[in-house]
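There are 6 protein chains.
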Amino acid sequence: MKNVLIVVAHPDDAEIGMGMRIAWYARNGARVRVHCLTTGTPEQDGAQPRRQECLSAGLLLGVDRYTFSEIPDTRFTEHRGSINAELFTIIREAVPDVVYTHFPGDQHIDHAITSQEVTAVALREAMNLCYFRSPYSTGFEPNLFFMGTQILMEAKMQALSCFSSQKQLDMEVFRRIASVAHRQHVHHRIVERFAPELEYVEMFQSARRIESAIEAPSMEG
Amino acid sequence: MKNVLIVVAHPDDAEIGMGMRIAWYARNGARVRVHCLTTGTPEQDGAQPRRQECLSAGLLLGVDRYTFSEIPDTRFTEHRGSINAELFTIIREAVPDVVYTHFPGDQHIDHAITSQEVTAVALREAMNLCYFRSPYSTGFEPNLFFMGTQILMEAKMQALSCFSSQKQLDMEVFRRIASVAHRQHVHHRIVERFAPELEYVEMFQSARRIESAIEAPSMEG
Amino acid sequence: MKNVLIVVAHPDDAEIGMGMRIAWYARNGARVRVHCLTTGTPEQDGAQPRRQECLSAGLLLGVDRYTFSEIPDTRFTEHRGSINAELFTIIREAVPDVVYTHFPGDQHIDHAITSQEVTAVALREAMNLCYFRSPYSTGFEPNLFFMGTQILMEAKMQALSCFSSQKQLDMEVFRRIASVAHRQHVHHRIVERFAPELEYVEMFQSARRIESAIEAPSMEG
Amino acid sequence: MKNVLIVVAHPDDAEIGMGMRIAWYARNGARVRVHCLTTGTPEQDGAQPRRQECLSAGLLLGVDRYTFSEIPDTRFTEHRGSINAELFTIIREAVPDVVYTHFPGDQHIDHAITSQEVTAVALREAMNLCYFRSPYSTGFEPNLFFMGTQILMEAKMQALSCFSSQKQLDMEVFRRIASVAHRQHVHHRIVERFAPELEYVEMFQSARRIESAIEAPSMEG
Amino acid sequence: MKNVLIVVAHPDDAEIGMGMRIAWYARNGARVRVHCLTTGTPEQDGAQPRRQECLSAGLLLGVDRYTFSEIPDTRFTEHRGSINAELFTIIREAVPDVVYTHFPGDQHIDHAITSQEVTAVALREAMNLCYFRSPYSTGFEPNLFFMGTQILMEAKMQALSCFSSQKQLDMEVFRRIASVAHRQHVHHRIVERFAPELEYVEMFQSARRIESAIEAPSMEG
Amino acid sequence: MKNVLIVVAHPDDAEIGMGMRIAWYARNGARVRVHCLTTGTPEQDGAQPRRQECLSAGLLLGVDRYTFSEIPDTRFTEHRGSINAELFTIIREAVPDVVYTHFPGDQHIDHAITSQEVTAVALREAMNLCYFRSPYSTGFEPNLFFMGTQILMEAKMQALSCFSSQKQLDMEVFRRIASVAHRQHVHHRIVERFAPELEYVEMFQSARRIESAIEAPSMEG
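Chains as they are written, first to last, in the numbering used here: chain L, 1 to 221; chain B, 1 to 221; chain Y, 1 to 221; chain A, 1 to 221; chain X, 1 to 221; chain U, 1 to 221.
Each hint should be verified, as a subset may be incorrect.
If several chains are the same, the list does not tell them apart, and a pair holds so long as it fits within one copy or across any two.
Stated by the list, open to error - In silico SDA-like cross-links for lysine to any residue, where the CA-CA straight-line distance does not exceed 20 angstroms: (1) Lys2 to Glu154; (2) Lys2 to Ile190; (3) Lys2 to Ser212; (4) Lys2 to Ala26; (5) Lys2 to Gly81; (6) Lys2 to Arg65.
It should be emphasised that the hints constitute simulated quantities derived from the structure, not laboratory data.
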């Protein structure tokens with residue numbers, strides 16, 4: 001049994017960044033927790049609907065537990081102490097085998113702060129740490145490519161469609177990126193060897209992975 | 001069944017860099033091939049003994065096949081075309097799932113050239129690529145820590161002892177590095193969670209790893 | 001009147017990397033020269049057809065002059081002196097205002113060598129230097145986005161279709177990348193402001209640009 | 001007509017970093033707005049004189065609008081939320097084609113914070129983003145050199161002389177740097193080709209430039 | 001006579017990072033001041049014992065003056081203004097020839113903030129700036145190796161043993177790291193030339209060193 | 001007594017990069033050897049005059065020994081084996097305490113190759129390694145500033161005037177760079193503290209410095 005913890009700044013960040021991988025983890029028996037630091041809404045009464053959207057999306061993807069902090073949106077720089085404190089609580093509670101979060105070079109400052117704070121806590125409390133690629137990152141160089149199937153992509157698309165309050169979500173763009181982004185990094189001779197159903201990619205930068213001689217090598221190598 | 005290919009510049013580079021991991025792969029059923037680009041000896045008749053040392057070490061670690069090119073030692077910069085040609089032959093022959101080689105920032109120029117050439121070929125012919133840490137690298141930032149047992153370390157030490165022609169090999173130094181190097185990167189709270197028999201480290205930088213949704217997640221996360 | 005020089009390793013590298021921009025330059029009165037360092041074919045008699053393909057593609061895009069060296073394919077590392085000498089001749093002949101070439105971090109070693117050699121010559125012989133993005137580059141961070149129209153993309157596609165000897169050319173993949181790759185870097189609020197006919201991107205890294213107070217500022221800023 | 005927005009931490013930062021370029025923009029019909037985040041004075045009644053100095057300098061350079069926030073000097077780290085909020089207001093008001101600000105690696109922490117916050121906002125609200133070089137930056141690698149004339153340098157010197165409250169301003173040093181700094185980056189063969197009146201440099205790092213196929217190529221290439 | 005200032009986040013950071021070097025400075029007549037930004041204890045009455053531990057350790061190493069601020073532990077991100085103000089006071093009081101502090105890439109956020117703030121102040125108030133290596137840094141590439149003797153290591157061990165409130169301090173690990181860490185960076189041919197009593201290393205990254213032609217060259221070169 | 005070895009690609013590279021420092025070393029009793037890899041002249045009979053120029057310049061600066069290889073100019077990429085072999089001979093002969101050479105990011109490919117080869121040999125044969133700044137380097141970030149006097153600058157200028165065959169040498173530009181380049185890196189508050197006779201700078205990047213506890217700390221700190 002494996003514990004996966006994903007910490008994001010806003011609702012839908014986890015689903016956009018790694019919706020297929022969440023579904024894959026869940027379908028393979030891992031326990032996935034998503035923690036969202038802000039509900040990202042200017043109006044106080046807007047938080048509840050966004051939480052509900054998260055819960056719906058999480059349900060579709062198989063998320064075990066979806067939790068929230070109330071860090072003020074766009075003001076993470078001024079609440080780093082609270083973020084740090086919440087992260088320690090969550091990560092000690094979740095005892096994750098692997099932590100996922102934003103990439104430190106994300107252009108959105110709340111994302112970057114989230115990444116810095118999660119990195120610091122995860123490096124001393126969890127074995128493995130991995131950054132997902134958001135759109136609009138700077139300097140993101142993937143070293144982990146997750147190739148997903150049509151079925152996982154459909155699950156991701158359905159999850160994203162839960163966030164109806166976010167009119168900006170251009171789901172078709174996400175699908176198109178997921179269908180070609182790896183071609184900018186992976187040689188066509190490699191792509192040709194993929195199983196044909198592996199049509200979609202999510203890209204990650206693995207920051208730390210600790211492997212134990214007690215376990216057998218993974219399939220990938 | 002997994003195919004592992006390790007390409008190194010000199011005899012004993014593979015054993016120093018990842019002897020424990022080789023033994024671990026072999027004991028878990030992977031097929032490990034080591035290819036060594038030079039026998040690294042100025043005298044023509046010195047090559048045969050060094051090859052024999054490699055074969056003995058490989059036998060102890062469970063290497064499936066140990067092969068050699070005859071690139072002139074310390075002159076890799078002037079034989080890049082031959083190196084490239086040999087690598088294409090080997091890698092197409094081996095069809096590896098994962099390729100290991102020197103880190104591009106290694107201070108030894110033959111190591112650095114090996115890394116550049118292997119990287120270029122591996123990125124278009126193999127799914128996964130990983131750099132091991134040699135002593136004396138510059139700018140090596142590990143993102144993969146392999147924690148090995150006393151038994152694997154003994155196998156590594158025995159393999160290293162096969163290289164009796166290399167008087168410079170200070171095996172005790174290697175053992176000591178392997179017992180503390182991870183402490184400079186991994187927080188003591190993490191180290192305390194390791195199974196107690198995981199006393200030794202080998203450090204790697206994973207350059208590319210492609211995971212497929214068709215497989216289950218690995219144990220590590 | 002502006003002189004543009006593009007130096008590439010292989011036939012079709014220029015067209016894949018910056019076909020739209022070539023057509024745009026030509027249509028705006030610039031004189032574009034493409035120089036290709038190898039015809040990239042193992043058989044001696046294969047060179048002529050590939051040159052012919054280049055000339056056809058160049059004609060479609062408005063290339064003023066398409067020239068060739070005969071550096072042995074996949075062996076650039078061993079012919080750097082010849083490459084350097086040819087580049088000095090060409091660049092002094094062309095007197096370019098701007099030079100385009102491969103990105104230094106390209107995974108293909110011939111591309112990387114081309115980039116290193118062109119960079120060294122261009123920095124002392126031309127005002128401006130710019131790298132185009134090939135597929136499969138490592139560490140490419142664009143700082144110049146060229147947004148092209150449907151018409152320019154059609155010109156590019158037609159140019160690419162000239163390279164019939166290259167069966168590997170998956171033109172549809174190139175088109176799809178060109179239609180979404182900028183979305184990984186540019187925020188959707190910016191994309192929404194683009195003129196609607198600007199549907200396709202080519203990405204560059206400007207290495208040096210010298211602007212003169214004697215000229216007026218360009219439109220872009 | 002082009003809109004240029006320059007956001008700086010302190011009075012005189014814009015004039016020191018890019019006084020010639022401001023004058024050049026203004027003389028070519030661009031509308032230049034400078035926004036200064038602090039008046040950088042410990043005494044409350046010191047702000048007014050410094051603002052007056054800015055306005056005088058701006059007048060000389062042709063600045064269209066010079067505006068101010070009241071972020072406490074040397075305390076930007078603790079007012080990032082306010083900085084962010086002000087920047088959103090300003091940038092949406094100004095609708096700039098290009099935004100200039102400090103380089104992220106500036107040694108002055110207020111400058112670095114300004115750069116981070118402006119970068120985040122500009123990347124989602126403006127097409128183009130460019131960093132000017134302050135004295136004392138770390139890791140600044142210019143990719144844009146602006147060569148100015150004696151006339152523009154005189155305008156800059158006059159603008160700097162408006163800041164009489166800043167006794168530390170060694171204008172002669174700035175002039176000398178501006179007359180040789182490019183020689184550390186640009187080969188003498190290139191410098192010899194400059195029009196003789198282009199004696200002074202201001203150096204920039206272009207972070208993002210979006211060019212449109214609808215426009216003609218700029219003079220520089 | 002030389003003035004050395006060391007600024008650290010927590011008690012024992014200076015001793016772990018550079019205890020041998022402190023003792024060496026003191027024994028050679030330099031005046032060493034250590035300033036510690038927090039006493040790093042959640043309980044208010046825990047501060048006094050930790051200060052006492054510092055003073056005892058400092059006494060053993062020959063520290064001239066050991067001073068403290070009361071920045072709240074784990075909350076440096078929210079007190080950067082106070083940190084900056086204290087640093088200006090201290091550094092102007094100490095008039096140091098060289099300042100030592102944490103490395104900017106330290107995984108502990110309080111360490112990283114300390115490094116950023118000290119860097120900014122030191123670069124404008126002190127000639128020389130140097131980062132020591134803490135355990136758990138990311139991206140630390142040493143360019144200064146200090147080789148110490150058994151006697152200095154004993155002084156360091158004794159100093160560390162003063163911090164009895166810190167049960168986590170695994171002194172034996174520190175000693176073992178200090179005895180082999182340089183072997184990962186320095187070739188064995190160099191190590192063999194060391195005077196035999198130079199058994200232990202402390203590693204640094206020199207960020208700025210200003211040498212004057214008025215002085216003679218140092219012994220090292 | 002200290003041994004200094006400087007390895008450069010061409011005649012005058014050492015004098016341009018570190019003429020003041022050479023004179024300072026020599027005047028303080030160090031033994032300075034300069035080795036030049038090519039005489040950098042296309043005509044065979046042009047070598048002798050250039051060597052004579054070096055010897056004259058070396059005499060003025062106090063160089064102990066000035067030696068030469070005959071690597072073909074602009075063709076270092078194709079003679080790396082010979083360069084490597086010569087370097088091993090020279091460095092083992094010279095037994096230097098410190099080695100100086102070009103910066104790896106120098107734009108001139110012969111300079112870059114020299115730097116790579118010298119780095120590899122020096123890191124295994126010499127304690128200390130340091131890069132001087134040539135004009136036209138890319139990515140050079142100095143961490144060592146050598147402030148020289150008017151007298152040392154005159155010695156440097158005289159040494160440079162020996163290279164009369166190099167009409168391109170604009171000595172006045174070098175002098176002006178040396179009088180202001182540090183102002184782009186060092187805060188004016190620091191500069192104001194310099195002894196008034198320290199008017200000129202040469203900038204370096206110290207790659208490795210090994211200090212021994214057996215020696216006293218240097219004056220600088």
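Status of the hints after comparison with the structure:
1. Lys2 to Glu154: neither (24 angstroms within a copy, 31 angstroms between copies)
2. Lys2 to Ile190: between (29 angstroms within a copy, 17 angstroms between copies)
3. Lys2 to Ser212: both (15 angstroms within a copy, 18 angstroms between copies)
4. Lys2 to Ala26: Answer is within: at 10 angstroms inside a copy they meet the 20 angstroms cutoff, but 26 angstroms across does not.
5. Lys2 to Gly81: neither (29 angstroms within a copy, 38 angstroms between copies)
6. Lys2 to Arg65: Within. Shortest intra-copy distance 14 angstroms satisfies the 20 angstroms Cα cut-off; inter-copy 35 angstroms does not.
Against the hints set out earlier in the document, violations occur for numbers 1, 5.
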